[in-house]
Amino acid sequence: MPRRTDIESVLVIGSGPIVIGQACEFDYSGTQACRVLREEGFRVVLVNSNPATIMTDPEFADATYVEPITPEYVEKVIEKERPNALLATLGGQTALNAAIALHDNGVLEKYGVELIGASVDAIQRGENRESFKHIVEKLGAEVARSRICHSLDDVMGAAAELGYPLVVRPSFTMGGVGSGMAYDEADLRRIAGAGLVASPTTEVLIEESILGWKEYELEVMRDKADNVVIICSIENVDPMGVHTGDSVTVAPAMTLTDREYQVMRDLAIGIIREVGVDTGGCNIQFAVNPEDGRLIVIEMNPRVSRSSALASKATGFPIAKIAAKVAIGYTLDEIPNDITKQTPASFEPTLDYVVVKVPRFAFEKFPAADATLTTHMKSVGEAMAIGRNYTEALQKALRSLEKPEARFSWKGSPATELEPLLEAIKTPHDGRLRTVMDAIRAGATPEQIFEATRIDPWFVDQLYLIHETALQVAAAPRLTPEVIKLAKRHGFSDLQLAEIRGLTEDVVRGVRQALGIRPVYKTVDTCAAEFAAETPYHYSSYDEETEVAPRETPAVLILGSGPNRIGQGIEFDYSCVHASMALRDAGYCTVMVNCNPETVSTDYDTSDRLYFEPLTCEDVLEIVYAEMQAGPVAGVIVQLGGQTPLGLAQRLADAGVPIVGTSPEAIHLAEERGAFGKVLADASLPAPKHGTALSAEGAHEVAEEIGFPVLVRPSYVLGGRGMEIVYSSAELSAALERLGGGAAFEHPVLIDRFLDDAVEIDVDGLFDGDELFLGGVMEHIEEAGVHSGDSSCALPPITLGNADIEKIRASTEAIARGVGVRGLLNVQYALAGDVLYVLEANPRASRTVPFVSKATATPLAKAAARVMLGATIAELRSEGMLPAVGDGGTLPASTPIAVKEAVMPFNRFRTIDGRSVDTVLGPEMRSTGEVMGMDDNFGTAFAKSQAGASQPLPGSGKVFVSVANRDKRHMIFPVKRLADLGFQIYATEGTADVLRRNGVEAVTVRKSSQGPGPNGEPTIVQMVQDGELNLIVNTPIGITQGGSPRLDGYEIRSAAVARNIPCITTVQGLAAAVQGIEAQQAGDIGVRSLQDWVPRIRGDVGV
Amino acid sequence: MSQPALLVLEDGRAFAGTSYGATGETFGEAVFTTGMTGYQETLTDPSYHRQIVTQTAPHIGNTGINDEDDESQKIWVSGYVVRDPARVPSNWRAKRSLDEQLKGQGIVGISGIDTRALTRHLRERGAMRAGISTEVLDPAALLEKVLQQPKMAGADLASEVTTFEPYVVPAEGEKRFTVVALDLGIKSMTPKRMAERGIEVHVMPATASLEEVLAVDPDGIFMSNGPGDPETTEHPTTLLKQLLEQNKPYFGICFGNQVFGRALGLGTFKLKYGHRGINQPVLDRATGKVEITAQNHGFAVDAPIEETVETPYGTAEVSHVSLNDNVVEGLRLTGRDGRVLAFSVQYHPEAAAGPHDSAYLFDRFVELMEGRA
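Protein chains in written order, with UniProt numbering: chain A, 1 to 1103; chain B, 1 to 373.
No wet-lab data here; the hints were simulated from the structure. Heads up, a few of these hints could be off.
[Said to hold, decoys possible] In silico EDC-like cross-links for lysine to aspartate or glutamate, where the CA-CA straight-line distance does not exceed 16 Å:
no., chain 1, residue 1, chain 2, residue 2
1, A, K76, A, E109
2, A, K80, A, D1084
3, B, K272, B, E25
4, A, K1007, A, D993
5, B, K289, A, E334
6, A, K485, B, D114
7, B, K95, A, E291
8, B, K270, B, D156
9, A, K76, A, D1084
10, B, K289, A, D226
11, A, K341, B, D325
12, B, K175, B, E200
13, B, K241, B, E310
14, B, K270, B, E310
15, B, K103, B, E25
16, A, K976, A, E1001
17, B, K95, A, D292
18, B, K192, B, D70
This one's a predicted model, so the numbers in the text were calculated from it and none came from an experiment.
Next up, chain A with everything else stripped away, as it sits in the complex (with noise of 0.2 Å):
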């Protein structure tokens, strides 16, 4: 049965920005799919409002919309491109709602477009609860005893039948948003409340608890012969209680005979065909009960998943391109082993080496948050590593976390008390199995361990193997062969055993090699070396035969970015694709390093080789070693892939590893306050005034000689980790307090003078030596002081002249010249009055860069990944690789103004007492995705950036104003143009006392600590939580400070959250978002595709 021939065209929705609970693992999906589609010949029309992703680059599809998805908008897309068919199980769950919407409102009838790969009533039947519990109860199996509710009335009810504690969750959410573990009635009473609300039905499912139960997903597959095959078993080591994402989990499954797995089989085979799932791959999880083997289905999810993502990286098997395949109509024996090429999909991947994945969190940038894991992902990101064992594989992936306490230590004494550790233990948190293993060396017994946490004894014993190990080689009388093989068996690093043995990493490394132990590298196959593999996908491993095939191609390495975290995600991955695309192209053979399985980095057919390995200095030595061994290696890029391997260029450089690009002495250089300072001096650029300290002490002196407010921040790092605004020598102190120095530092401490109201500027260039090419520059739309990633920016900038863009220009080539940057340089800027201030300088890919590149139809990265190997900018412009004259500062007037706004995670994190985190944003980044609004003029594409970022501007209604003194001066204008659109204004005293001296009429609403009024008037936070009001307008008083949220509009803010209203709390965003209402109101938005943009962009047609 080939392919279907009644469709042309395929639409194929994305999922939107990161967040948590739906990273890039659905760019991978995505961009697999839409590579097939057009392989077989489909029209693909594609929408998805993150430009950060692979798959929006416009030659994955025919017409690519950076629209927000939504269902008006996406209805736009299909009036406009009316495709056949519409595929909708790639995009997580984002696009399965949006699809449903679609559906619901008749829109997909209407234009005749035809769902491919689970129809509407599969996925409701998958999704839906009640009608799942009875597909399960058909087939003869049980799901938890549990009870739908639609009210919190019912929700008491099913808590008085099945006891406490009990498990919430509620429909149609992703990543378990709204679900917990409610001990008692106060628990329940807010977590389902919360849940009824994030439930787009209404629904929540109150279950019996199975915590501590065995925890198991399969991922299954079906095409429309009913031909279904298993792809992937997945265990996890934190058992029932901990949400999948949250936990560390194995695949293929570690404790099941065969019988039990046979009848997971059996089931979820059943359940596949029973829901209706006619083409493509579903995830389906069960839970074990470790007494008495009472197996429960939990739940299925009817599209491709987060786990699907990892099945398809732990098996080779690439489950969103063969679930793309069989929606148009293949059935899986007609499609061919990518990896094999001579054995068809029709199979079961069998795996001869252990996967294992580890979450990766961000509690520090959300110091108030509860972090105790639960039902409610809460991790940033995933690091997978892959190992002959277990042990090497936990070892690895521990590692490839890049967080020196993940990793097992056993540096220093024991600790003496055992107690402490068995209690901390009992709550699962992000690095449990840390403490577990600090529990094993301080005397734990296997069975106090299980009885702590649930881990199966089996996971438990593999602890005691590496601790026991560890204590081989420590009692070992000198590191022989033997000790080292063996540690290094069980994963073990040269600088765990440096640590041990208290020697260096370096002389570790030193004798291993003399002694001629390296790792050698095998290949995943899907099918354990019963055929040979033609893909080159491999993984280390301490064993005999290494598989790397000789070549005489010359090879460029890429360093990735490892596990994604706030920061550092999806941008640096598509700068490390881009440079592999580019480099593919030019004839060198490409080799990806990186250690996350939600990327397309990591696909099998990325790059000519894949290494899927920690990026540690050991690691990524023994790579370039191989290769060297293989054939000639053309350099290593590490400046695509952030700070990750950026962190790691010295050390390579002195290990003789040739990096391309920049130089580690460059990169240093940029870092350097010092060096810096002098580039800057040279060139006569003008900087903040800052210094440098290395004590508390040292800090208030600079800070006293440079006037408050200051910005202070350690060194060497991404994404504004520990950066602060401070306003007085107290703040300063409680921040340095906060930044883990008391007397010293173990890094310098960074002190900038602080520029209050200038217009932040982010410029992402390419230089080769000679010529300067200006990538881009962004006006940011909030003041400096909001990170960069935080802040919404607009390309082409919204108010600069020409002459600001020349300076700016001129500013940078002259910083590229002084760094001595060759390839990708970011240049944070900021103009205060005429003064063009210099922030920083990274000589390196930036966040931006596919923002930009989208933006200005320029390949940045790939252009980068040129230069960095050798060519000029003149050459690359004579190859059209970039354009041949002008560039992204000297953009055509017909040039569309894109928005690119940040979506922050802060539904997603919970105080201990409940409440939400404070969403005020500052100098530390805590969003965790993108959108980007393209449009004609600013407020439209403003407009579509809030669409996209699920805060969509009101049209009309209710607006409530609070601001801090020093903003209401600036907010009395927008406000006013508000009450004109027709918004009625709802104000706090003060403010509302400074609207009406201003002539616009305001309601005033009474503060929280007010409480209600003597009729029964509301707080302005009931308001907010019985969702009266359509946007907030809240501006912090003062400036933020770590952890300790501000009272004052805290509450506010927060139920704003709870109740997703859009929540505005920077004068700046409310001018620009007063810009969007406004074209909202003005008349209908429409879509364009990115390839329509094109001509424009380039200047090909009149304004």
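Here the structure of chain A is known, so what remains is to put chain B in place on it, guided by the hints.
This is chain B only, laid out in the frame that chain A set:
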């Protein structure tokens, strides 16, 4: 505490590792199996008699040994090769550790070697004779012993694994049929699958005569899986021919498929490294559907895939093929009226270990006996 062990292949490749299970010395044909679950079933599968089995899955023994999952009375593999044996078993059904079980039954094994390198070697060079020893640790010395061992081709092993005495597995629920199952190395799940369908199964030794078979007045005949070279199986082939002449419905699995092929006049041959695993895709040529199957065979039937073959008993054709390498995975015999008379598959529908996709074949056997096929 860890005792060294050595594995040597007949082409001289050697792997030094650690002793696992019993100590001593053992020889057999080195093969690999790719199943990630089901080591207990694998070890007790008589088809592995005289084979040194390598598990490609690195962690073996995690769920220990229980009292329910054995496929026969004992472990049949002659040697066992694993990478990372479990130190503690973890499963609510586990009664003892795998290590204990291997030691208890005197099975010599080796652990800690690069099983993937071994697998790739066997894939490229084919299954071959091998030896494991904890006594002779000099590769050359062990190789000499390996080379003295008999080869698998030409080995008649059914007589070594078959039951001595006939026994009956009663039907579960109402008895509907009587079947004689010739034990060429039968796995206990096979009669169970039949019993579940109302079949009373008379399991007979491989040497059972026509008279003994007919004495129980069977509605159908079954021949099981088993070890060895099908070319050596004179008696079962002759017996099957006689039974086909009497129009007895027949169902064969694995070795039973090869015996069927030979009875129909087809040849059999040794595969380079065989099919051993529980993820093997097989195409049912009649329906176009794919089954994921459990397989364990080193020999296969040589039959034209696209053509039919006229035999004295009816028309034979290939019903199933492997999607991986086009090996014949099933045969069907039809009469002049187009009705199916007998069939067999090379893979394991009883699936222990393995997926249950092919359990329908037992239903088909029932239909055959009902005269509905």
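Taking the hints in turn, this is what the structure says about them:
1. A:K76 x A:E109: holds (14 Å)
2. A:K80 x A:D1084: holds (14 Å)
3. B:K272 x B:E25: At roughly 26 Å apart (the allowed maximum being 16 Å), E25 of chain B and K272 of chain B break the hint.
4. A:K1007 x A:D993: holds (14 Å)
5. B:K289 x A:E334: This hinted pair holds, its Cα atoms lying about 11 Å apart.
6. A:K485 x B:D114: holds (13 Å)
7. B:K95 x A:E291: With Cα atoms ~14 Å apart, K95 of chain B and E291 of chain A stay inside 16 Å; holds.
8. B:K270 x B:D156: Cα-Cα ~14 Å, so holds.
9. A:K76 x A:D1084: holds (10 Å)
10. B:K289 x A:D226: Cα-Cα ~8 Å, so holds.
11. A:K341 x B:D325: Distance of about 12 Å is within 16 Å: holds.
12. B:K175 x B:E200: holds (6 Å)
13. B:K241 x B:E310: Given that 16 Å is the threshold and the Cα spacing comes to 15 Å, the pair holds.
14. B:K270 x B:E310: Given that 16 Å is the threshold and the Cα spacing comes to 24 Å, the pair is violated.
15. B:K103 x B:E25: With a Cα-Cα distance of about 13 Å, the restraint between K103 of chain B and E25 of chain B holds, given a limit of 16 Å.
16. A:K976 x A:E1001: Given that 16 Å is the threshold and the Cα spacing comes to 9 Å, the pair holds.
17. B:K95 x A:D292: holds (14 Å)
18. B:K192 x B:D70: holds (13 Å)
Of the hints listed earlier, those the structure fails to meet are numbers 3 and 14, in rising order.
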